[in-house]
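2 protein chains.
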Amino acid sequence: MKKQNVRTLSLILCIFSYLLVGAAVFVALESDTESARKRMLEQKRAELRRKYRFTDGDYLELERVLRQAEPHRAGTQWRFAGSFYFAITVITTIGYGHAAPGTDAGKLFCMLYAGLGIPLTLVMFQSLGERMNTGVRFLLSRMKSALGLQRTEISTQNMVLVGVLSCLGTLCVGAAAFSHFESWTFFHAYYYCFITLTTIGFGDFVALQKKEDLQENQPYVLFSFIYILLGLTVIGAFLNLVVLRFLTLNTEDEKRDAAERASQRASLRASSQRRAPAFRRDSQTHSRTNLLSPQPTPHLRWFCSRIHLEHTSACRNTCAGCSVSSVSCRIHADTNNTAFSSPRSTLSAGLSFTTRRKSL
Amino acid sequence: MKKQNVRTLSLILCIFSYLLVGAAVFVALESDTESARKRMLEQKRAELRRKYRFTDGDYLELERVLRQAEPHRAGTQWRFAGSFYFAITVITTIGYGHAAPGTDAGKLFCMLYAGLGIPLTLVMFQSLGERMNTGVRFLLSRMKSALGLQRTEISTQNMVLVGVLSCLGTLCVGAAAFSHFESWTFFHAYYYCFITLTTIGFGDFVALQKKEDLQENQPYVLFSFIYILLGLTVIGAFLNLVVLRFLTLNTEDEKRDAAERASQRASLRASSQRRAPAFRRDSQTHSRTNLLSPQPTPHLRWFCSRIHLEHTSACRNTCAGCSVSSVSCRIHADTNNTAFSSPRSTLSAGLSFTTRRKSL
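Chains W and B are the protein sequences, given in the same order.
If you count the first sequence from 1, position 138 lands on 138 in this note's numbering, and the numbers rise without skipping.
If you count the second sequence from 1, position 79 lands on 79 in this note's numbering, and the numbers rise without skipping.
Isolated chain W (complex conformation):
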């Protein structure tokens, strides 16, 4: 079975098992508390109903009114600051839901706004994250020189360690700040920052919801917006470093397979043409073919074997939807084989060009 299919099926099985395990653990952790809390709330509700003798209609009405008043409890949501906050939660896909469009026009605009904004934001965070990684790599290299270390190259492991520490540091800074401003415990504030910066955004904890904070506490509003955007950049930088290469594995494998098939077809065609009468060879034009045909000199063959390069597992060619179909790029980095050994007979089957053929 193709490698891409094996990889995909394994991932699906993996995720399915992960969901089953997660569900089982959440049941174990939450279900007793849920039952206890439900019983207690029922009891309190029953006491209040008995005390005030609500009619059924009035009780349902009261329930509805208090439920709908919930967003308003936190102040005005749809002035500029609140709308800007909401727009951030849309394009970053955090989506707390502390405020959501009430009108159908608002819902429609929200969908159009997200449709363009989300891909744009994804690209922006990856772009900024990559710049951040480059800057960190540069600084670490300078630090290593300043410390007088011989080897100043920064390995992937160094970068991953710095990435993990940055993410944890960002969460801790946010936790300290929000626990102070929102009067949450440190743990709850840390949980809020984690849920926000992973863009899950449950909405069980939402900053800027203490009465009129959005309107009256501008420094805190500014801090919250900057924290969310910077924090997402740090997470984006970490994802750029660690996860991004895995997102393109299948695409690269598919392109490599396509290149191999194209080269094999070209080689077969070239071999069949070699068996054709000699006078035809020089007159052929615009044939996609292996560059070594018809008859490479030994020197040329040796040289071409030196450039039998292939993308290594860490260097990938993402050609998703590549519109340049006439170059297949399969280059094997002969980084270990450093000896000039005797000429090998053929160029990598993966290297082919659209050229006019002419004897070398």
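Among the hints, erroneous ones may be present.
For chains that are exact copies, the list does not tell them apart, and a pair is met inside one copy or across any two.
Distance condition first, Cα-Cα at most 30 angstroms in a straight line; then the derived DSS-like pairs of lysine-lysine [unchecked claim]: (1) K3 with K144; (2) K211 with K44; (3) K210 with K144; (4) K144 with K2; (5) K38 with K51; (6) K44 with K3; (7) K38 with K144; (8) K51 with K2; (9) K210 with K38; (10) K44 with K210; (11) K38 with K211; (12) K210 with K3.
Derived from the structure by calculation, the hints contain no laboratory data.
Given the coordinates of chain W, assemble chain B onto it according to the supplied hints.
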């Protein structure tokens, strides 16, 4: 200024402007309705308070009880089906918040669960999305053959069109189903599907929250889970096709720049060695150098100019954190220049290898 920095700064400005525009539009669409609704709810609340003469304490207690009872209104959340549903909303980052961990242990496990689950899920959806794109490309190609068309290649534009139609189709199927099962309008159901499949997940509309659906309506529960996961795959496939290549632009440019700098250093070193006494040249080993030095033959020079390949804008090399530093891969696809013109004098400066040097 470097291309990567220009690109990143432009994206930041772009997003910031996008947020400002979005905020302004949301204010215009929502703020009047918010004020009107707030006034109406205040009025109703005041009427009920006057009718039942709540004490302040009792009223606050009633408000708190009804707010906390909200998740329970929708039935039991933390049995297996509900926990599985919750686990899906965590690792896909939808995060409705209709249910959220109440215990600190649940919150802690949620963070650990998301920390591993989210990257795994990202990779899985991209992987599956790529397989889907490949399958669709194959089917379309077969359809073109079956229709007797001469050109059976599927262009990027074909795939993007199919992608857009698939996304819209998925949303419409979901909208039809959920409007039926949840008694929502088609528009609200479509909005729910959109907010879910973009992983925003406000939680203003959440499926499976009609009384005890999670426990009693297993076919509908199964449909909802499958719809969410398949729908995310379709969106993932579209992102894989359209957006993924842009996520790696900065990384590729950075690698290309690093390769150029390395080649330039190698060329400079090679030129300075050429000026050194002749007997030293053949004894040098393991020097990173341009393969054409010291003295390429005209045929070799011409050949090397043919392989002056460069990754085109559609074919990118993602080498984020690449640990193979000894090969720089700058190949310019000479796809337009198909003539075998006279030999050019030098190999692309971008092609260098770690080799033992020996006269050609």
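> Between K3 and K144, at a C-alpha cutoff of 30 angstroms, which is it: within one copy, between copies, both, or neither?
Replying inline: Classified as between; 27 angstroms across copies, 40 angstroms inside a copy.
> Checking K38 and K51: alpha-carbon separation at most 30 angstroms within a copy, between copies, both or neither?
Replying inline: both (20 angstroms within a copy, 28 angstroms between copies)
>> Please sort K210 with K3 into within, between, both or neither, judging by C-alpha distance up to 30 angstroms.
In response: neither (53 angstroms within a copy, 43 angstroms between copies)
> Using 30 angstroms as the alpha-carbon threshold, which applies to K210 and K144: within, between, both, or neither?
Replying inline: neither (46 angstroms within a copy, 60 angstroms between copies)
> At most 30 angstroms between C-alpha atoms: does K51 with K2 qualify within a copy, between copies, both, or neither?
Replying inline: For K51 and K2, neither the intra-copy (70 angstroms) nor the inter-copy (72 angstroms) Cα distance is at most 30 angstroms.
>> Within a copy, between copies, both or neither: which one fits K210 and K38 at a CA-CA cutoff of 30 angstroms?
In response: So K210 and K38 pass the 30 angstroms test inside a copy (26 angstroms) and across (17 angstroms) alike.
> Is it within a copy, between copies, both, or neither that the alpha carbon of K38 lies no farther than 30 angstroms from that of K211?
Replying inline: For K38 and K211, both the intra-copy (28 angstroms) and inter-copy (15 angstroms) Cα distances are at most 30 angstroms.
> Is it within a copy, between copies, both, or neither that the alpha carbon of K211 lies no farther than 30 angstroms from that of K44?
Replying inline: both (26 angstroms within a copy, 21 angstroms between copies)
> Checking K44 and K210: alpha-carbon separation at most 30 angstroms within a copy, between copies, both or neither?
Replying inline: For K44 and K210, both the intra-copy (26 angstroms) and inter-copy (23 angstroms) Cα distances are at most 30 angstroms.
>> My question is about K44 and K3: at a cut-off of 30 angstroms on alpha-carbon distance, are they close within one copy, between copies, both, or neither?
In response: Intra 59 angstroms, inter 64 angstroms, cutoff 30 angstroms: neither.
>> Regarding K144 and K2, is the shortest C-alpha distance of 30 angstroms or less found within a copy, between copies, in both, or in neither?
In response: between (44 angstroms within a copy, 25 angstroms between copies)
> Are the CA atoms of K38 and K144 at most 30 angstroms apart within a copy, between copies, both, or neither?
Replying inline: neither (58 angstroms within a copy, 60 angstroms between copies)
The structure does not agree with the numbered hints 3, 6, 7, 8 and 12 stated previously, though it agrees with the rest.
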